[in-house]
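Asker: Residue numbers (this note's numbering), protein chains in the order written: chain P, 72 to 335; chain F, 40 to 293.
These are computed hints drawn from the structure, not numbers from a lab.
In silico lysine-lysine, BS3-like type, Cα no more than 30 Å apart, as pairs:
(1) P:K326 with F:K95
(2) F:K264 with F:K214
(3) P:K326 with F:K249
(4) F:K155 with F:K169
(5) F:K264 with F:K249
(6) P:K331 with F:K249
(7) F:K214 with F:K133
(8) F:K133 with F:K153
(9) F:K262 with F:K214
(10) P:K331 with F:K169
(11) F:K262 with F:K211
(12) F:K249 with F:K268
(13) F:K268 with F:K211
(14) F:K169 with F:K153
(15) P:K331 with F:K133
(16) F:K169 with F:K133
(17) F:K214 with F:K268
(18) P:K331 with F:K95
Over 10 Å on every C-beta distance to chain F, these chain P residues come out as not near it, computed from the model:
(19) W101
(20) V187
(21) A244
The beta carbon of each residue, even a glycine, is placed where N, CA and C say it ideally should be.
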Amino acid sequence: MNLRHIRALVLRYTFLYTRSVPRVAEMFFWPVMDLLVWGFLTVYLQRLEHQVPAAITFLLGSMIFWDILYRAQQAVTISFLEDIWARNLLNLFVSPIRVSEFIAATYVVGFVKILVTAGILAGLAMWFYHWNLFQMGLPLIPLFVNLLLMGWAVGMITTALIMRWGQSAEALAWGIPFLIQPVASVFYPLSVLPTWVQPIARAIPATYVFEGMRQVLDNKGLPLHHLAWAFGLNIVYLIGAGLFFRYMFGIAREKGLLAKLGTQ
Amino acid sequence: MAETLVEVQHLRKEFDGTVAVADVSFTVQRGEIVGVLGANGAGKTTTIQILLGLIKPTGGNVTVFGQDLERHRVEILQRANFSSAYTGLPSNLKVWENLLIFSMIYGVNDHRQKTKELLDMFEIAHLRDKITGNLSSGESTRVNLCKALLNDPELLMLDEPTASLDPDIADKVRKLLRRIQRERQITMVYTSHNMRDVEEVCDRVLFMHKGRIIAEGTPQQVKDKFNQKSLEDVFISVARGGDVLAAGEAEAAR
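Produce the entire structure from the sequences given, and follow the hints as far as they go.
Answerer: Here you go:
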């Protein structure tokens with residue numbers, strides 16, 4: 072892997088984001104809107120505390136964690152779409168950049184974007200609702216890393232599908248994470264899901280992250296078991312996503328789709 | 040003896056059973072400008088895209104700089120470059136930013152000097168700080184050509200480089216390409232529907248029809264072969280499948 076290539080691509084996204092108000096706003100607008108809706112709902116439910124458990128504050132953590140996962144996936148996919156929209160994809164694919172370097176650059180960009188977004192959300196949650204994301208302490212780091220890894224894996228799969236089916240598959244960029252959301256125990260524990268759905272949920276790394284987050288917020292200690300499952304599954308998913316991407320890239324070269332995507 | 044830079048042997052490409060390139064063999068020597076001509080669907084774009092590593096061939100071999108394209112794609116692309124009327128650079132970046140990014144990708148030393156030299160050469164130094172998306176198509180084409188020359192490529196592939204240019208700028212670009220080829224001995228593979236481009240710029244042409252090369256030689260040799268006054272007449276006759284086509288196909292079969 073050539074670091075100079077990755078640096079060049081990261082610089083390209085830096086120029087893009089520092090120049091574009093809509094792109095910067097997109098990093099904050101939806102997450103902040105989500106935070107406001109879920110935050111005020113949490114405040115309301117807290118006022119009815121005698122009727123609902125105190126654990127309702129988990130909602131804010133869930134919302135922020137979900138956003139990290141969603142943005143990690145988006146960063147990979149949208150970076151690819153940016154090059155399609157700019158008709159720049161061909162210039163990149165006929166340059167000495169390896170596909171792995173292209174993907175690595177989207178990971179770096181995604182990581183930075185998520186740090187910024189999560190930082191803003193954590194600040195706003197503290198300011199508006201006196202809810203401190205960092206109360207989780209050190210377990211926050213492995214939980215965050217696992218969300219990032221899963222977001223990258225899903226992003227790679229989504230990008231591969233767009234590469235194969237072109238811009239008509241663009242909606243997948245925004246839609247795929249929401250296929251996962253209902254079963255990934257984002258806003259409710261795994262036990263709430265119907266028995267037949269639970270094995271599906273257990274196959275999703277994010278399920279263990281959200282379960283682990285609730286365990287930490289509930290002061291039940293370090294969620295080692297959940298973290299081990301999340302890491303293990305994420306490694307499998309990342310390898311699988313990489314192989315899937317390579318397979319789809321091969322099909323795209325076989326069918327001449329790269330050139331079509333690059334000049335659409 | 041001239042050095043062979045590109046060697047294509049029995050190239051074949053099928054898309055879901057449809058033959059785009061049937062059985063194409065040719066070489067490109069160092070310092071040559073070779074035009075690949077043909078009507079829409081002749082197979083020239085597929086051939087060029089295979090040379091760029093964008094499409095995997097169904098059969099045959101492609102070697103560039105003496106290296107197998109499939110195995111050494113990245114090394115080959117480091118020494119080559121590409122410009123097309125149908126691609127763009129990120130539109131909300133400034134011209135210098137786009138050129139800086141590609142300078143980094145190609146590992147250009149002293150990118151400032153190189154960028155300045157190229158912008159001066161294409162007479163667009165005043166566009167350096169302009170947003171790329173605000174340029175006219177003629178200006179964009181010239182910025183694309185600057186990008187394509189950043190790494191001093193030994194092999195430059197040009198896909199209809201003058202397609203969106205007015206006659207004045209197109210003429211300047213043609214002359215410039217010839218000058219660059221003379222001064223730097225860059226090898227070029229050039230596709231165009233503009234026969235004037237080809238006659239003026241190319242040393243040799245490959246005329247493709249239905250996935251095969253039906254004529255090969257200098258523009259004059261191809262005109263003589265088809266008994267036509269201009270390449271445009273050859274093009275029209277081939278596209279309409281007249282007698283000249285039979286003559287060309289007979290030539291290809293031999």
